[in-house]
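Per the working numbering, the sequence shown runs over residues 7 to 229.
Just so you know, these hints were derived from the structure itself, not from any lab.
There could be a bad hint or two in this list.
To be verified - Derived SDA-like pairs: lysine to any residue, alpha-carbon spacing no greater than 25 Å straight-line:
id, residue 1, residue 2
1, 81, 12
2, 81, 119
3, 81, 37
4, 81, 67
5, 124, 145
6, 124, 205
7, 124, 188
8, 81, 116
9, 124, 112
10, 81, 11
11, 124, 160
12, 81, 70
13, 124, 8
14, 81, 124
15, 124, 44
16, 124, 113
17, 124, 155
18, 124, 143
19, 81, 145
20, 124, 175
21, 124, 37
Stated by the list, open to error - Quick list of simulated restraints, FRET-style, between CB atoms:
id, residue 1, residue 2, range
22, 81, 221, 54 to 60 Å
23, 185, 81, 43 to 49 Å
24, 151, 20, 22 to 28 Å
25, 211, 141, 17 to 23 Å
26, 204, 77, 33 to 39 Å
27, 115, 63, 24 to 30 Å
28, 8, 184, 46 to 52 Å
29, 40, 185, 22 to 28 Å
A virtual CB, placed ideally from N, CA and C, is assigned to each residue, including glycine.
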Amino acid sequence: ELLRGSAEALCRLNRGLDAIRPASESVELFRELRRDRDAAMSSYWLAYAFYLSENSSEARSLLQSILDRLRGGLKVEPDLQMRLLTALASVETWDGSHEAALGYLEEARALSSDLDDKRRAAFLSTLALAYQGSGDMEGAIRVGTESLVLYRTAQAEREVAQLHNHLANAFVAVGNLQRASELATEARQGLARLGDSHELPYVIDTEARIALAGGDVDAAIRV
Numbered sequence: 007e008l009l010r011g012s013a014e015a016l017c018r019l020n021r022g023l024d025a026i027r028p029a030s031e032s033v034e035l036f037r038e039l040r041r042d043r044d045a046a047m048s049s050y051w052l053a054y055a056f057y058l059s060e061n062s063s064e065a066r067s068l069l070q071s072i073l074d075r076l077r078g079g080l081k082v083e084p085d086l087q088m089r090l091l092t093a094l095a096s097v098e099t100w101d102g103s104h105e106a107a108l109g110y111l112e113e114a115r116a117l118s119s120d121l122d123d124k125r126r127a128a129f130l131s132t133l134a135l136a137y138q139g140s141g142d143m144e145g146a147i148r149v150g151t152e153s154l155v156l157y158r159t160a161q162a163e164r165e166v167a168q169l170h171n172h173l174a175n176a177f178v179a180v181g182n183l184q185r186a187s188e189l190a191t192e193a194r195q196g197l198a199r200l201g202d203s204h205e206l207p208y209v210i211d212t213e214a215r216i217a218l219a220g221g222d223v224d225a226a227i228r229v
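Based on the sequences and whatever the hints tell you, model everything.
Next comes the structure, spelled out in structure tokens:
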């Protein structure tokens with residue numbers, strides 16, 4: 007349990023590579039003890055670690071395996087199926103398979119009403135990204151804004167900064183460069199407060215996109 011807790015904490019700090027080893031050891035130990043529910047939960051965090059490490063194939067394989075076991079009758083925490091579907095949607099979105107992501111999210115939608123603010127925000131954020139990837143920018147902005155409100159309520163500063171950046175890109179796509187610039191600035195400021203350099207390149211890319219969309223090539227280069 008200590009290993010699983012360590013893996014979870016590292017994942018929440020966006021340290022996927024560091025989380026892989028304790029998560030893997032936790033899965034093995036729980037399997038040896040025949041504690042299937044705990045092994046499934048540890049496998050979820052191992053999949054999350056692989057996702058953060060940009061190893062989508064391993065993340066997808068683990069998540070699908072756990073989901074198959076749940077559908078086969080394995081009893082786990084009530085919200086794990088929802089988390090698995092949302093995680094699978096995130097993996098498919100990362101790989102550009104937006105229709106597959108939307109399929110998982112549609113399945114998850116019926117399970118989302120009983121979630122707390124932060125988990126529902128995570129679901130809506132993933133749904134917004136899937137809409138954005140499929141070209142539905144208005145849907146992405148609408149759902150992303152709902153997610154942002156919930157993340158703020160939950161005081162999830164890192165997720166707020168990330169979502170500011172995603173929404174900025176959606177506003178670029180609909181031609182609202184002023185709002186896009188405001189959101190990108192908020193994203194940069196939020197990451198600076200957190201001392202988070204991992205997400206900063208994504209914000210820089212967004213700022214360059216905004217400058218290019220406004221026809222200012224020099225500004226895009228300077229960013």
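Supplied distance hint 22 to 28 Å, evaluated on CB atoms of residue 40 and residue 185: Taking Cβ atoms as reference, residue 40 and residue 185 lie about 54 Å apart, which means the hint is violated.
Hinted pair residue 81 and residue 116, Cα distance within 25 Å: 19 Å, holds
Pairwise hint evaluation, residue 113 against residue 124, where the allowed Cα distance is 25 Å at most: 19 Å, holds
Holds or violated: residue 124 to residue 175, with C-alpha atoms at most 25 Å apart: 22 Å, holds
Agreement of residue 124 and residue 160 with the hint, judged by alpha carbon distance not exceeding 25 Å: 6 Å, holds
Holds or violated: residue 124 to residue 145, with C-alpha atoms at most 25 Å apart: Between residue 124 and residue 145 the Cα gap is close to 20 Å, so the pair holds against 25 Å.
Pairwise hint evaluation, residue 67 against residue 81, where the allowed Cα distance is 25 Å at most: Between residue 81 and residue 67 the Cα gap is close to 20 Å, so the pair holds against 25 Å.
C-beta pair residue 8, residue 184: status relative to the range 46 to 52 Å that was hinted: 49 Å, holds
Pairwise hint evaluation, residue 11 against residue 81, where the allowed Cα distance is 25 Å at most: Holds, because 20 Å separates the two Cα atoms, which is no more than 25 Å.
Hinted pair residue 81 and residue 145, Cα distance within 25 Å: With Cα atoms ~35 Å apart, residue 81 and residue 145 exceed 25 Å; violated.
Hint consistency between residue 81 and residue 124 [alpha-carbon to alpha-carbon, up to 25 Å]: Between residue 81 and residue 124 the Cα gap is close to 24 Å, so the pair holds against 25 Å.
Range hint compliance [Cβ, residue 151 to residue 20, 22 to 28 Å]: 24 Å, holds
Of the numbered hints listed earlier, those contradicted by the structure are 19, 21, 29.
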